[in-house]
Amino acid sequence: MSRKYDTPNFSLDSRRTNRNTATIMQNETLHPCLTCGACCAYFRASFYWAEGNDVEGGTVPVELTEKLNDFMRVMKGTNSPTPRCIALQGTIGERIWCSVYEQRSSVCREFPVAWENGEPHDRCDKARAAWGLPPLTPDSWKSV
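Numbering (the working numbering), first residue to last: 9 to 152.
No lab work stands behind these hints: they were computed from the structure.
Check each hint, because a few of them may be wrong.
Said to hold, decoys possible - Straight-line C-alpha distance at most 20 Å; calculated EDC-like pairs for lysine to aspartate or glutamate: (1) Lys134 <-> Asp147; (2) Lys75 <-> Glu102; (3) Lys75 <-> Glu64; (4) Lys84 <-> Glu74; (5) Lys84 <-> Glu71; (6) Lys134 <-> Glu102; (7) Lys84 <-> Glu124; (8) Lys150 <-> Asp133; (9) Lys150 <-> Glu124.
Claimed, not checked - Beta-carbon label-pair distances, calculated as ranges: (10) Thr37 <-> Tyr109: 16 to 24 Å; (11) Thr37 <-> Asn125: 13 to 21 Å; (12) Glu102 <-> Asp130: 20 to 28 Å; (13) Tyr56 <-> Ser151: 18 to 26 Å.
Positions of the beta carbon are idealized from the N, C-alpha and C atoms, including for glycine.
From just these sequences and the hints, can you work out the full model?
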């Protein structure tokens, strides 16, 4: 099943985001994640509460999060039957980027992308399949 959503009208720092996006778009070969985004619109992005920027050392913009329980926060938009992270920009399966990439949570930083390190990953494949995208293969990384 392929789902399409409008891009959320939000950017933490639109000047930086637009500059980074322009640089990314100039490259002929994009990292496979920059033409996907399925994980950000399939899984709940929950993480330890102290990763929020309202805590010393935290980086995730707290205004983009919701309380999940006493120990965890969740990125807005991902705790629903049809998740899509509020920080996700662009069109899934085409061009995509995270508006808070440098401040993203550990769950996002550590999400294993299939074949990026020479190994398959079923969660990446599952998210891609839900959006009608083929699974990544070792060949997906040859030109990156």
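Tested hints:
{"no.": "1", "hint": "Lys134 <-> Asp147", "in the structure": "holds (19 Å)"}
{"no.": "2", "hint": "Lys75 <-> Glu102", "in the structure": "violated (31 Å)"}
{"no.": "3", "hint": "Lys75 <-> Glu64", "in the structure": "holds (18 Å)"}
{"no.": "4", "hint": "Lys84 <-> Glu74", "in the structure": "holds (6 Å)"}
{"no.": "5", "hint": "Lys84 <-> Glu71", "in the structure": "holds (9 Å)"}
{"no.": "6", "hint": "Lys134 <-> Glu102", "in the structure": "holds (18 Å)"}
{"no.": "7", "hint": "Lys84 <-> Glu124", "in the structure": "violated (27 Å)"}
{"no.": "8", "hint": "Lys150 <-> Asp133", "in the structure": "holds (18 Å)"}
{"no.": "9", "hint": "Lys150 <-> Glu124", "in the structure": "holds (10 Å)"}
{"no.": "10", "hint": "Thr37 <-> Tyr109: 16 to 24 Å", "in the structure": "holds (19 Å)"}
{"no.": "11", "hint": "Thr37 <-> Asn125: 13 to 21 Å", "in the structure": "holds (18 Å)"}
{"no.": "12", "hint": "Glu102 <-> Asp130: 20 to 28 Å", "in the structure": "holds (24 Å)"}
{"no.": "13", "hint": "Tyr56 <-> Ser151: 18 to 26 Å", "in the structure": "violated (36 Å)"}
Checked against the numbered hints above, the structure breaks hints 2, 7, 13 and satisfies the rest.
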